[in-house]
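Asks: Here's the letter readout for the chains.
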Amino acid sequence: AQSVTQLDSQVPVFEEAPVELRCNYSSSVSVYLFWYVQYPNQGLQLLLKYLSGSTLVKGINGFEAEFNKSQTSFHLRKPSVHISDTAEYFCAVKQTSGGYQKVTFGTGTKLQVIP
Amino acid sequence: EAQVTQNPRYLITVTGKKLTVTCSQNMNHEYMSWYRQDPGLGLRQIYYSMNVEVTDKGDVPEGYKVSRKEKRNFPLILESPSPNQTSLYFCASRGPSQPQHFGDGTRLSIL
Numbered sequence: 002a003q004s005v006t007q008l009d010s011q012v013p014v015f016e017e018a019p020v021e022l023r024c025n026y027s028s029s030v031s032v033y034l035f036w037y038v039q040y041p042n043q044g045l046q047l048l049l050k051y052l053s054g055s056t057l058v059k060g061i062n063g064f065e066a067e068f069n070k071s072q073t074s075f076h077l078r079k080p081s082v083h084i085s086d087t088a089e090y091f092c093a094v095k096q097t098s099g100g101y102q103k104v105t106f107g108t109g110t111k112l113q114v115i116p
Numbered sequence: 062e063a064q065v066t067q068n069p070r071y072l073i074t075v076t077g078k079k080l081t082v083t084c085s086q087n088m089n090h091e092y093m094s095w096y097r098q099d100p101g102l103g104l105r106q107i108y109y110s111m112n113v114e115v116t117d118k119g120d121v122p123e124g125y126k127v128s129r130k131e132k133r134n135f136p137l138i139l140e141s142p143s144p145n146q147t148s149l150y151f152c153a154s155r156g157p158s159q160p161q162h163f164g165d166g167t168r169l170s171i172l
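Chains as they are written, first to last, in our numbering: chain A, 2 to 116; chain B, 62 to 172.
Please keep in mind that the hints were generated in silico from the structure rather than gathered at the bench. Treat the hints with care, since some could be wrong.
[What the hints assert, rightly or not] As a list, the in silico DSBU-like pairs of lysine-lysine whose alpha-carbon atoms are at most 35 Å apart:
| hint | chain 1 | residue 1 | chain 2 | residue 2 |
| --- | --- | --- | --- | --- |
| 1 | B | Lys78 | A | Lys50 |
| 2 | B | Lys118 | A | Lys111 |
| 3 | B | Lys132 | A | Lys50 |
| 4 | B | Lys132 | A | Lys103 |
| 5 | B | Lys130 | A | Lys50 |
| 6 | A | Lys70 | A | Lys103 |
| 7 | B | Lys130 | B | Lys78 |
| 8 | B | Lys130 | A | Lys103 |
| 9 | A | Lys103 | B | Lys79 |
| 10 | B | Lys126 | B | Lys79 |
| 11 | B | Lys118 | A | Lys70 |
| 12 | B | Lys132 | B | Lys78 |
| 13 | A | Lys59 | B | Lys132 |
| 14 | B | Lys132 | B | Lys79 |
| 15 | B | Lys78 | A | Lys103 |
| 16 | B | Lys79 | A | Lys50 |
This is chain A alone, in the form it adopts within the complex (with noise of 0.2 Å):
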């Protein structure tokens, strides 16, 4: 079984501050990590992925993840957030092996940006 927990349900921050939401999730295999981000009224795009190697990920929009196998964690990090970047950002995982690989999420964090 896995599980993904995003302790923070709302997060606000200032325009061009740094943002961080967080991500631990639980399993007891292998998996690959995900962030995906909705914009209001929309379906969820993928921002970025770990599957293997350099455990620092970047994505689009300028927003980076670091994987912590340790800590089982995946934090998103942006040094300079934006207005446009106003979303939820859903943490996801997903089995390396196995027949389906089912895929997790958290409950998601709404990012507020505030002018």
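Given the coordinates of chain A, work out where chain B should sit on it, guided by the hints.
Replies: Quick look at chain B alone, frame taken from chain A:
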């Protein structure tokens, strides 16, 4: 353009009136899924399919049916909708070991 298309985007209906939400993908993906999104609960998987004629229950399958007669289509069927099925629904598809591609969502209101 690679995409997952859901229809309708919005629907208001009444309890007990059967409805179908269609989903189609043009990426030749084997795997397709339906999710519902509710405030504070994130995305919960309803059903998934690993290929044509292969479907299985997700975490919240009660009250829903699916079929996969063709690789590109994966309709979600509510035989007798109830108000607790009012939600935002997403269809997604992917290849093996790949990220999900999502549709734009279907907002269902069941009165």
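Asks: Which numbered conditions among the earlier hints are violated in the structure presented, ordered from lowest to highest?
Replies: Hint check: 1, 16 fail, others pass.
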